[in-house]
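Chemist: Using the sequences and the hints given, assemble the complete structure.
As you go down the protein sequences, you meet chains E and G in turn.
Using our numbering, the first residue of the first sequence is number 1, and each one after it goes up by one.
Using our numbering, the first residue of the second sequence is number 1, and each one after it goes up by one.
Everything labelled a hint here was simulated from the structure, so no lab data went into it.
Positions of the beta carbon are idealized from the N, C-alpha and C atoms, including for glycine.
Any given hint could be a false lead.
Derived, one-sided and incomplete: chain G residues facing chain E with beta-carbon distance under 7 angstroms [to be verified]:
no., residue
1, 56
2, 171
3, 246
Computed footprint of chain G on chain E, listed as stretches where at least three residues anywhere in the stretch have a Cβ under 8 angstroms from a Cβ of chain G [stated by the list, open to error]:
no., segment
4, 288-298
5, 311-320
Protein chains: 2
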Amino acid sequence: MKDPGELTARLLQGDRAALARSISWAENGDPRFARVLEAVYDRVGRAWRLGITGPPGAGKSTLTNELARLYREAGETVAVLAVDPSSPYTGGALLGDRIRMEERTLDPGVYIRSMASRGGHGGLARAAVDACDAMDAFGFQRILLETVGVGQAEFEVVGAADTVLVVVHPGAGDGIQAMKAGLLEVADVLVVNKGELPGADQLVLDLEEAVHVRLRPSLRPDRNTADAGPAWTPPVVRVSAKRREGLGDLVAAVDAHRAFLEQGGRLEQRRGERRVEQVRNVVAERLLDTLWGSRDLGRALAGRLDAKTTPYAAAAAILEPILAAIPYPESEPSAGAAPGGANGA
Amino acid sequence: MKDPGELTARLLQGDRAALARSISWAENGDPRFARVLEAVYDRVGRAWRLGITGPPGAGKSTLTNELARLYREAGETVAVLAVDPSSPYTGGALLGDRIRMEERTLDPGVYIRSMASRGGHGGLARAAVDACDAMDAFGFQRILLETVGVGQAEFEVVGAADTVLVVVHPGAGDGIQAMKAGLLEVADVLVVNKGELPGADQLVLDLEEAVHVRLRPSLRPDRNTADAGPAWTPPVVRVSAKRREGLGDLVAAVDAHRAFLEQGGRLEQRRGERRVEQVRNVVAERLLDTLWGSRDLGRALAGRLDAKTTPYAAAAAILEPILAAIPYPESEPSAGAAPGGANGA
Chain E
1 MKDPGELTAR
11 LLQGDRAALA
21 RSISWAENGD
31 PRFARVLEAV
41 YDRVGRAWRL
51 GITGPPGAGK
61 STLTNELARL
71 YREAGETVAV
81 LAVDPSSPYT
91 GGALLGDRIR
101 MEERTLDPGV
111 YIRSMASRGG
121 HGGLARAAVD
131 ACDAMDAFGF
141 QRILLETVGV
151 GQAEFEVVGA
161 ADTVLVVVHP
171 GAGDGIQAMK
181 AGLLEVADVL
191 VVNKGELPGA
201 DQLVLDLEEA
211 VHVRLRPSLR
221 PDRNTADAGP
231 AWTPPVVRVS
241 AKRREGLGDL
251 VAAVDAHRAF
261 LEQGGRLEQR
271 RGERRVEQVR
281 NVVAERLLDT
291 LWGSRDLGRA
301 LAGRLDAKTT
311 PYAAAAAILE
321 PILAAIPYPE
331 SEPSAGAAPG
341 GANGA
Chain G
1 MKDPGELTAR
11 LLQGDRAALA
21 RSISWAENGD
31 PRFARVLEAV
41 YDRVGRAWRL
51 GITGPPGAGK
61 STLTNELARL
71 YREAGETVAV
81 LAVDPSSPYT
91 GGALLGDRIR
101 MEERTLDPGV
111 YIRSMASRGG
121 HGGLARAAVD
131 ACDAMDAFGF
141 QRILLETVGV
151 GQAEFEVVGA
161 ADTVLVVVHP
171 GAGDGIQAMK
181 AGLLEVADVL
191 VVNKGELPGA
201 DQLVLDLEEA
211 VHVRLRPSLR
221 PDRNTADAGP
231 AWTPPVVRVS
241 AKRREGLGDL
251 VAAVDAHRAF
261 LEQGGRLEQR
271 RGERRVEQVR
281 NVVAERLLDT
291 LWGSRDLGRA
301 LAGRLDAKTT
311 PYAAAAAILE
321 PILAAIPYPE
331 SEPSAGAAPG
341 GANGA
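Modeler: The following block contains the structure:
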């Protein structure tokens, strides 16, 4: 199954091996994926994509398994993409968890796939969106997109979802920690998992307060701007995935967020923004892969690298001919004030 | 202080305001930073850089404060750079912690700076290295580089350090979680903080076992390859930053790692690799800022974006004239097998 045309045909016939292969193409940056996507793109956009992120130990894998079970029991088909941006060496440490889910993969209504970092410039976020598009075109109705770590790369991955769940658990200062780690700003629904543990009540209160104090629209330039209507306030839902408690409330909160986005063109806007981001990812990855894959550039770089040469001097020598050649002139200064620019001098 | 020449002069005179300004220039991508760095680069490389990362709740801030205190008491000058890649909206949520450290900033031997994400393509990792270079050139002997979250972006930031501390704490499955999140592979020293809590013994054992089972050199292409000598085995150090217990052992472990790197050209190699990475960051950032800052490209993009056009088709239209113009031909396929390529079809 090496020909995109044949693979596309099999994909549309519901051949799971074709789906797996197309995702591998996306993961490996194989140009054949673009041809597959082109052929099935009119089928993309029907699935509802749930992003699930949060600190290690929050129980994201268990929660993902339970949500998959619930949606499945409600008669929906479910695809799970477990993304591990943090483990470039081990090639997807998540597989351990996924084995626990393998039993379910005998069910043709469920598809589970793990994806590890291919490292570098946004390649994983791009590949994760590609995989979701493939699962979507294949016909899965729910896509659960789970990340292992919690950080900028992880947020970029789940940020491509329609509804983002941020999962935290009771523990020393985790409420404050969650806010510190910027989790709050990416959340559409805040999930306090392990709700049976001491401190769960306090964590729920901390998060609810934080939501109302911190999430002023002014802090969220990328969200809820489709109309002048009310902004979305992320609800805080307490669950215990292990005990299967509170999951109905969580599903209801996701449905409420979906209903919110489906008004006033918000969904179209959000998905449009995600599409632009994906175009940028593809452009950046292809451009930088081309540069770093160039022996000529490697030679140019090696010839200029010693402890006496600043990275800027070495970079300038490489950039000069490129910037001179690019047909898109820079029309705005690249040195915009950073969010953190307020700190310091 | 808007002129790089004047700022450089003041920097070399030990003017902290000049240091702060130069770091702000680096943070904001201001081209003036390159000129400052050029003028002081011969002073860069004398400081020992400690990277400190780990999951939210592990107590990284407290540990960083305690290490700063210890090194200071030992007569060394200390600079702390607290990096928050995860909070593009709040502009550095870490500032809360840092206020607790302000008392110490009355000491001219200590400098504390917080830096938040400016988002996007490796800009923060680049800016963090720039800030460390500036602190190094300024004359600080120890640089503590702390991140908030834990993930790919955070690893790229601390990866620029000479010695990377990965801080974890006892808690449900955190040992396994830490391994899952790929923390193990970036660690030079594994720190079990909150060592007074139940589960600390087990976590130490889990991590020691994991170090010996998982950290085969074959899994770590970028490490310990300077000679055919013995590879570094990350020690597991149990501490309680809050109770000030075990910190002496931690300092000793850092010294041991430093002694290891200072043999057989390992340090030169590691710093050389970091320098190459920094050049790549500068090139990528400048190139992509130029593209996304181009109104022409914005128009080209807007003209091609609708729900019917795949991101690849839109990207191809933008890339074609660029790739045609780049003087560095691609000499290797960009579609290398991904670490996760083994999964799936």
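Chemist: Which numbered hints are broken by the structure, listed smallest first?
Modeler: 3
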